[in-house]
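One line per chain: the protein sequences are A and B, in this order. Read left to right, the first sequence gives residues 16 to 522 (the numbering used here). Read left to right, the second sequence gives residues 640 to 1432 (the numbering used here).
To be clear, the hints were calculated from the coordinates, so they are not data collected in a lab. Treat the numbers as computed from the prediction; the structure is a model and nothing was measured. Worth double-checking, as some hints may not be accurate.
[Said to hold, decoys possible] Dumping the calculated DSSO-like pairs for lysine-lysine here, alpha-carbon to alpha-carbon at most 30 Å: (1) A:K98 - B:K1244; (2) A:K346 - B:K783; (3) A:K468 - B:K783.
[Claimed, not checked] The following label-pair restraints were derived from C-beta to C-beta distances: (4) B:E1097 - A:I361: 37 to 45 Å; (5) B:Q1219 - A:Y33: 46 to 54 Å; (6) B:E1097 - A:Y486: 52 to 60 Å; (7) B:S793 - A:I495: 33 to 41 Å; (8) B:K1054 - A:Q65: 31 to 39 Å; (9) B:E1097 - A:L433: 39 to 47 Å; (10) B:K1096 - A:Q469: 37 to 45 Å; (11) B:E1097 - A:L477: 41 to 49 Å; (12) A:S355 - B:W1034: 23 to 31 Å; (13) A:Y33 - B:I747: 37 to 45 Å; (14) B:E739 - A:L128: 57 to 65 Å; (15) B:A825 - A:K516: 54 to 62 Å; (16) B:H813 - A:S355: 44 to 52 Å.
Even glycine gets a Cβ: it sits at the ideal position worked out from N, Cα and C.
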Amino acid sequence: MELIALLCLHALALILSYSREEAMVKRALWPLLMALLLDTLFLFKAVVHQEASLILSFALITLVEFLTLVVFTFAWDYLAGEKNRTYFLRLILSVLASVVILLLSQSLITLYLSWCVIGLLVNKLLLFYPERPHTHAIAHKHFFNELIANSLMGVGFIMLAVHFSTLSIPQISGYLSTVTDTYSSVALLFIVLAFLIKTALMPFHGWLIQVMEVPTPVSALMHAGIVNLSGMVWLRLSPWWEHSPYLRDFVALVAFMSLLLSSIVMLTRVSIKVRLAWSTTAQMSFLLFECAQGWYEMAFIHLVGHSLYKAQAFLLSGNRVNEQPLKKQIKGIMGYVSSSFYSPLISLFISFALFVLFNQLLNTHFGFYSLPIDQMVFLSLLIAPALWLMQKDQVLSVGVRVVMQGLFILIFMLLHSLLHPLFTHQVNPTNLLDYLLLALLLTYIVHWLILSKQYLARSSTLNSLAYEGFYLDALWTYSIQRPLSRFIQQYNHQLSTFLGKLLHEAP
Amino acid sequence: MKPHSESLKLTEETLSISIKESLSCIAPQWSLTQQIAVNPFWHKTHQSFKAWTEELYGTTGHLLTGEHPLISQPIDSALLETARVHYHRLYNKEAQFVAEPSPSSVSIKKTLYHLMDERKYQQHHLHEAIRLHISQTTAAFADKQQSQWHDNSSKSLFTFWRNHLDQRWNLEFHALHQQITERLKALPEEVNEVILVVVKALELSPKQWQNWFQLNLFTFPGWASWCAYQDQYKGESSHQLLLDLLAITLVWDYLVDDGERHPQSVWYQWQLQWQSVDNPTTQRYLDFHYSQLYFKEYAYQQSLIRTLSQSYHSTEQESGPHTQLIFCIDVRSEPMRRALEEMDPGIHTIGFAGFFGLPVTYHAIGDIEGINYCHGLLQPIATIRQNKAVSSRAWLKRMRERINTAIKVYQEQIKSHPFTSLLWVEGVGLGYAVSLLANLFKHPTAKIPFSYKEIAKESLLKQLVADEESQLTALKNFLVATGLKVINAQQVVIVGHGAQSVNNPYLHALDCGACGGQSGALNAKLVAEMLNTPAYRQKLIQQGFVIPQDTRFIAAHHNTTAQVIELLSGEEDEAGKRLQQVFDQAAQLLNGGQGIDASQTHREKTHNWAQVRPEWGLINNAAMIVAPRARTRGCDLQARVFLHEYEAKQDTDLSQLEQILLAPMIVAHWINMSYFTSRTLPTLFGSGNKLLHNVVGGDVGVFEGNSGDLRIGLAKQSLHDGQTWLHEAQRLTVIIDAPQNNIAHLIQKHALLRSLIDGGWIHLLSWQGESFYQYKYASWIPFTKNETHRRES
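So here's chain A without its partners, still in its complex pose (with noise of 0.2 Å):
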């Protein structure tokens, strides 16, 4: 079947990629290019059949092959001259090919094995460069993580397959989601603890953030596409949390702390890629909290644009310098966030007008699911700072603004609805979401605050807070992570020796 056509292709273009010919490694393309046509194809039959779940993975596989492709053709020509070019392509390789059995695993071993193959080579990635001071300590930290999330992991695998006397993930799917007693509510509990820990959420962010002492075409592959895995497995498996609502609150709860927390430090960030490490975080937090409350449309759509995005963002970040004239030229233009106070309360309603007025066409045109109210605030506060007001806007760039914000959402929702068919396993909403509201309405205003540089934004004490992250990677690997990853680290370093002679690499 799919799964072993595109295996093949992918052991190819392996094979293909240990040749001492550097020609030959640049064939390895090929293979890689039918594997992509190949999941097109399977794709556009599971579209045409209607296959909800066999839509999703094969929209998440072609993702990742085109964007290991993209990875591929850039890092052949950025690699040129370095004596460990070949053994990356062979690295990514690899990659691509354990995601791919990933996502389409039935059984619950190999959809275990194949995440820990994931983390051991993405331990891998990290160590590209071992001369560099800093990689042992950041590799440690990922070590560290990885073998917490996938003991929690394991442990709630094994339970549930000896609850449920079965291995295949269908079947288990299947007895969850009729009913879930508290025993499979524990291993499922481990099983998200894992999910959190190997998102990087805060507090286990810090390695995801330091992951710039390799190469720009990991840290791109690394944000846009192995953080991701999470959130691909949680809509994988969406059957199994129909029924646990306090699980569900639990991890939006940690997915939105870590949301608020991180959108405030990205905003002192004071290089372009560690910016963009920290954007990772809020989004991966986004991603779960959007999963958690069974928004799963908005989850998929999240997975692939943001995929993308990061993917360009990180390659193309060397033309921040290019950037810099223009960023000037725009705030001589408009200057700063104005500090008129009206300006953040307009912009909300307008945009909650927009939301309410495109939700009210769309449903009742053209029959389309229509959103709550309170998801629709929760969306409205998310974008509303888009048109906050400008120091010297006038009438007329307002006014295009907010025609933009206008096609934006309208586009936003009417993809929302076409893909709302897609996900059938719906889940009740619970009341968490009116409380965070209110915490959401707080972290807007505070963002408002900072950008228009009033008030607490000039506070030196809390500048310095959030410049720090907040401490909260600093007491992780500080506190437990490196005291009790000293008894480990030799696994770690014999680990990646016995990878590194597999894969050919460099000395």
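For this one, chain A is given, so just place chain B on it according to the hints.
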């Protein structure tokens, strides 16, 4: 009482002298948008090159001359002999050509906190944590454009750092936390007093102070250069950021000091580093590497004068040229000039500084600071304010522009705000797939701001804000210096140059340095426009210039990455088309092949987002020739020589030669030393691996990785092709075709020139007829050609 206060005063005086001397070992570094090459030891040129090499080695353990082996080809013993003889004549010492091993002691010196980390606190990674802290704090202070929430609480870097360390929860330093907090609180407010306290506490002998300060500054050459730039070019007069940075590093030494002073203590090991320098082994080692460097330069000088001598005999008769081309003195112009002259003897080329005499600032709409189109050492004399040409449909055009700007602002806001970006990727994320594909197929999506093509479309003269007098003077100087007081040619083409690359933080380093890291097309277009305007021409003719009625001035742009020239004006008519054809032919000649293949390879370099080596820039630059073009015409100088036009007979008051020695030669020297230090001291003055570059503060500089010191200088990929180093580090050899007395007079007139040339930072040769003489200490030493040495040209 009196002796105590006197000794205190003496201490303070010695201290301030040591501080001043050590601060001068750091030269400024420009931002990435105005990136120009700098000699990092510019303020140390009052010392001789050799003396500074020795001092640098003694202080930090870094060897300026570099430790590279002799030239790989078999060494001609005859050449070696003549080199030895010449060395003796120049320096009155024996050259050391016998190999010397490096001294057994560990070479790179370490700061006190580094040594403390190695001996006592290694499992806490103290050294890394301190470096990270210094760097992150300076970055937070320096950045004004990347982050959206700045801390503007303090104008002084030292106070900023101190407050930050104070209010911070120092988890990384938990071993020393108590000690750090106490000592930090006890320090005085003012920076100079702080340094006094620290110096007293660390009990180092005053002879070592300068070593200590310089070593500490050289642990952060990147941020130190940024501080120096702010102090010298950007700040108010009260700024002393470099002093603040020095104080910060000194205070860290003080904060971790454990107070022990016995011979097994870290302190003892630390101050012992500077005591083992004056021994004869070290001296011989330094002499050997200096002699190697000298021999490399000597061998090059020999091959250069051989090439030049060949030309002298093959100069053709001077008939009036029909086309004059004015290029920048940049070494990359040389192959293009040679190709054009080969094709047609009626084409003459002239070398002149790339801003063509008109240093200007360009203000795009909304840009308050403006971009300088002139070298960092010069002041602009005029301003160009961007405004759209007035026309009858102006209202509609303005409206369209305002709408465009509003759309751009919306996109900017929605992408950069943490919350809106969450929904942005959901709504428009799929569009990025198209953009990724476009970049993959070498259709870059990144926009070039204010590209020369945009700017050159409009008339620059109409947007110029300057007084007429200064404009006319600039034009007059330009025409006189290029030898165009009397023009016979029908067209004079002014060729500015620039580079083209995608996704490159250092793109401005490849552009014209004389134009402040921008493309010279703007200056070229401006000068051409002025000289075509009848009003200006009339005034010039009245002052004795000869410009025929039908002579046209045309502006062109030399793309050094693709090696093509395109016209910026006058391309519509016959003459323009013929000219463009000539240019295309020359481009094909240079790229040695058919048109189609050449353009493919160009896109690999110019449109490829993953290209880390778009072009080699000024690699292997080695010499500067100040002479009429006729003397170097036809010589294959291998793109290693800066060529400046100079006619001694027309320079009766020596003002032109003086101008050349004080400006273009200094610029060439800076470029030469920048490449030199990036090659020999890559950890200090090279920006490392491009693959790890991370742009800081919008355009302040790059990190190599997450954080750490700001990296300055050329990246390894700019000097290394993956297999070998391609740049030969050697000092600039300047050859001047002028009477010796004139040259000597000018050198003795300016202290700067004396220190540069007598100090051995630049080799100066005079070229009269067929003989060459090297200048040293107000005398001329004949530079004899090595006839017996036959080398393939």
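Fill in: Violated hints - listed by number, lowest first
The structure breaks none of the hints.
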